[in-house]
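**Student:** Residues per chain, in single letters:
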Amino acid sequence: MGHAYATIAFEAARCDGCQDCMRACATAKCGSDDISRARLQVLPAVLPAGQPLDGGAPASFELAMCRQCGDPRCVAVCPAGALAKDVETGVITRNADTCVDCLLCTVGCAYAGIAPDPADGRVAKCDMCDGAPACVAACPTGALRHVTTARIYNEVGDWEDLFAPGLAGCQGCNSELVMRHALRRVGPDTVLATPPGCVPGMGSVGYNGLTGTKVPVFHPLLTNTAAMLAGVKRQYKRVGRDITAMAIAGDGGASDVGFQSLSGAAERGEEILFLVIDNEGYMNTGMQRSSCTPYGAWTSTTPVGRETKGKSQDAKNLPLLMVGHRCAYVATASTAFMQDFYDKLDKAIAASKHGFAYLHVYSPCTTGWRFPTERNIAVARTAVETNFVMLWEFTPQDGLHLTHPIESPRPVADYLKAMGRFRHLTDDQIGHIQAKVEENRAVIAQIAAGAAAR
Amino acid sequence: MDTRYLVVGSSHAALEAVAAIRMHDPDGSLALVTRDRHPPYSPTVLPYVVSGRSVPESVRLRDDRYFTANRVTYLPGRALVRLRPEHGTATLSDGATIAYDKLLLATGATPAIPPIPGLDRAAYHVLRTLDDALALRSAIATARRPVVLGGGLVGMHAAENLVEAGAAVTVVEMQPRVLGAYFDPIAAGLIERAFVAHGARIVTGRRVVAVSREDAATRVHLDDGDTLTTDLLLVATGVKPDLAYLADSGVAHEAGILVDDGMRTSVANVWAAGDCAQARDFLTGRPILNAILPEAAEQGRLAGMAMAGDPGTRSYAGGVPLNTYRFFGHHAIAVGTVPAGAADHLRHDAAHGRYLRIAVADGRLHGMFGVDVFFDGGVMRQLILRRTDVSAVIDRLLADPLRTGRELMSRMWK
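Going down the list, the protein sequences come from chains H and G. Here the numbering used here is used: the first residue of the first sequence is 4, the next is one more, and so on. Here the numbering used here is used: the first residue of the second sequence is 61, the next is one more, and so on.
FYI, nobody ran anything at the bench for these hints, they're computed from the structure. Be aware that a few hints might be false.
[What the hints assert, rightly or not] One side only, chain H facing chain G, incomplete, derived with CB under 8 Å:
{"#": "1", "residue": "67"}
{"#": "2", "residue": "113"}
{"#": "3", "residue": "180"}
Since this is a predicted model, take the numbers as computed values, not measurements. C-beta atoms are modelled at their ideal positions from N, C-alpha and C, and glycine is treated no differently.
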């Protein structure tokens with residue numbers, strides 16, 4: 004597999020212009036507090052928003068720094084061979100001994116990522132501080148983040164894919180992403196349960212006597228998934244084999260008819276990793292509503308007509324119900340935030356060795372939610388950015404805390420308009436959903452505050 | 061020998077093409093033929109080899125390990141002498157014939173020697189190859205009264221090297237100012253001033269009418285009757301592509317090989333890039349020779365992508381003049397052009413020798429030129445290519461080109 008690299012991300016909306024990042028950079032790289040020598044430049048926007056340029060959204064702060072390009076033009080135009088991309092770290096390095104100070108790199112780079120240090124006139128650029136960027140460590144608001152998700156992809160590339168090739172998901176479906184990543188991470192010593200739903204529907208249980216996985220897999224009833232898996236795990240434990248007992252279930256199977264066995268297994272503290280892919284309905288069988296379908300959403304059983312305007316009830320908050328079971332670990336995740344997902348997967352695997360671990364992954368459904376097939380990750384991200392979906396984790400010891408708090412959430416309408424299942428909504432319905440988002444946020448915040456106060 | 065890809069040349073255009081081909085096609089057979097015997101290097105680095113700042117061993121842009129790892133058959137020391145596109149064959153100076161599926165001509169340029177009477181019988185240096193640089197480097201050690209013909213980048217770089225070596229240098233430029241291709245009279249004046257302050261003599265607006273030899277010395281006769289006696293003559297009056305190999309090939313060419321926006325020549329399966337190619341000028345739309353490093357790299361990359369069938373292939377944006385120049389610890393940067401009728405915005409701090417000129421036409425940025433005022437040339441190039449209307453920010457751009465340019469960049473192409 005190819006290399007993916009860590010990067011530094013800047014979220015202008017969180018920046019307050021304190022310049023601590025630039026001071027930290029100048030100090031780390033030059034031993035100076037002169038911020039003009041910093042290799043990243045955060046600039047307060049002076050230009051009138053949208054005028055005369057219509058290229059991007061107005062932001063209060065702009066950033067100039069090296070992008071560590073995959074196909075770097077600075078390297079291509081260096082006549083002295085002094086710049087090179089390090090294939091291990093992804094950092095574009097500069098050899099000060101062979102650099103002839105010709106400045107051609109500065110006309111090559113379109114991002115102002117390499118420029119002369121005003122103190123000595125020699126070009127300088129971000130070197131990511133050998134993997135521990137000083138600017139990120141100094142940022143008090145979280146506007147700068149060191150995104151190390153790449154590590155996951157590099158590592159995952161070396162692990163065995165434990166699903167067979169050719170899972171038959173709908174075009175643009177990201178359940179396959181969740182399944183393959185999760186099972187790769189959990190590893191080969193796994194017994195997998197996939198109750199009726201999209202996951203077996205796309206072929207994971209297999210055809211014609213062959214399984215779709217390279218681990219033992221079985222296909223329980225919707226109603227008894229957690230019960231069967233608990234028994235399987237206990238038998239393995241009895242014979243002295245350490246396996247991960249894992250379920251990959253849909254929201255329908257978990258929150259509706261399967262809820263009794265799920266609740267029972269959680270209450271008994273069965274040593275199970277229960278992963279729910281929540282696409283907010285019975286999508287596999289023709290897009291019927293489930294108790295996880297949100298208010299207002301069109302499904303085949305909550306049609307839009309003269310009288311009904313989509314689902315008339317609010318969704319059940321299944322992960323919060325699992326918190327009520329005081330499981331060893333409960334978390335929500337999103338495929339738009341893979342690093343967060345992986346952190347939680349690791350914790351869930353560890354927790355499943357001594358108790359019940361529950362991981363709830365919000366997974367947009369291209370077919371059932373009606374949005375273009377290339378928009379899946381964007382829709383998942385918008386759900387988080389509007390607080391429609393909140394990313395948090397819970398343990399009985401530490402309580403609940405948010406793992407990706409959104410300080411300035413976008414209006415929920417931004418999320419609703421991204422897909423066809425909400426196209427019919429009236430302003431009143433949108434108002435209702437926005438109010439529910441606020442209410443849910445308040446409930447989660449209250450629980451999180453209680454945990455923080457302990 | 062047979063090869064899927066044949067690349068002729070070994071500098072930026074050729075090397076970028078090889079990288080682009082390998083990005084998309086890791087397996088197709090690929091041969092790189094070059095007349096140079098040294099490992100690939102950039103002509104742009106040669107003044108630094110002359111000065112001793114760079115050593116020949118450190119200027120190589122690729123090594124054998126790279127060619128092995130990328131499965132490139134590297135054939136140095138062989139020039140292309142004949143091209144038969146109808147047969148898909150190229151004949152080399154060693155007599156070998158290579159059959160290709162796709163060919164890139166990135167053969168660069170050679171020094172243009174002006175038709176000055178007596179010059180052909182005089183001993184003179186040029187600076188285009190590593191061997192030229194090494195010869196000039198050893199000649200500099202003993203030169204006392206060198207004369208440089210041509211006040212372009214190569215001539216001025218070499219003149220600075222000679223000044224630093226302690227010689228009394230004279231630069232003769234027939235245009236009214238040095239570096240006239242990139243800089244206006246004020247900027248060129250600042251550059252000339254630095255040279256004069258360091259003891260060089262700059263003679264502009266003068267033509268050399270004859271060169272003669274007397275004993276060990278060479279005499280350079282100017283059109284105003286003046287005669288310069290020199291122990292080292294460097295001819296740096298520009299470069300031109302050497303296209304003798306195109307005879308009877310059917311490949312259309314003027315001063316350079318004519319290419320379209322996909323770097324295709326007039327003949328199927330033959331591309332051209334870099335200093336030998338004549339590609340579309342961004343401003344005028346006419347095919348021009350724009351023999352600068354960044355364009356060579358860009359054209360080579362595009363040609364390589366097209367040759368390999370990379371679906372990411374883009375269309376050439378058009379050539380924009382672009383250069384940086386360091387002299388005696390100062391710097392000058394030129395991006396773009398000044399079209400006829402452009403509005404000029406300038407600031408000139410004569411006391412400190414700082415100068416900035418911005419050319420705007422129809423509200424759009426067309427060029428930015430600075431001496432000891434740094435700006436991000438790559439950002440300005442993008443603003444020019446994007447035909448960005450800067451009329452609302454022109455005052456800020458002039459006062460603070462660095463921050464304003466970066467703000468525009470961050471706003472427009474995050």
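**Student:** Hint by hint, note whether the structure agrees.
**Tutor:** Here is what the structure says about each hint:
1. Because the beta carbon of residue 67 of chain H sits about 4 Å from the nearest beta carbon in chain G, less than 8 Å, this interface hint is met.
2. A cut of 8 Å between beta carbons decides the hint on residue 113 of chain H: the least distance to chain G is about 5 Å, and the hint holds.
3. Residue-level restraint check for residue 180 of chain H is violated (minimum Cβ-Cβ distance to chain G is 24 Å; threshold 8 Å).
Of the numbered hints listed earlier, the single one contradicted by the structure is hint 3.
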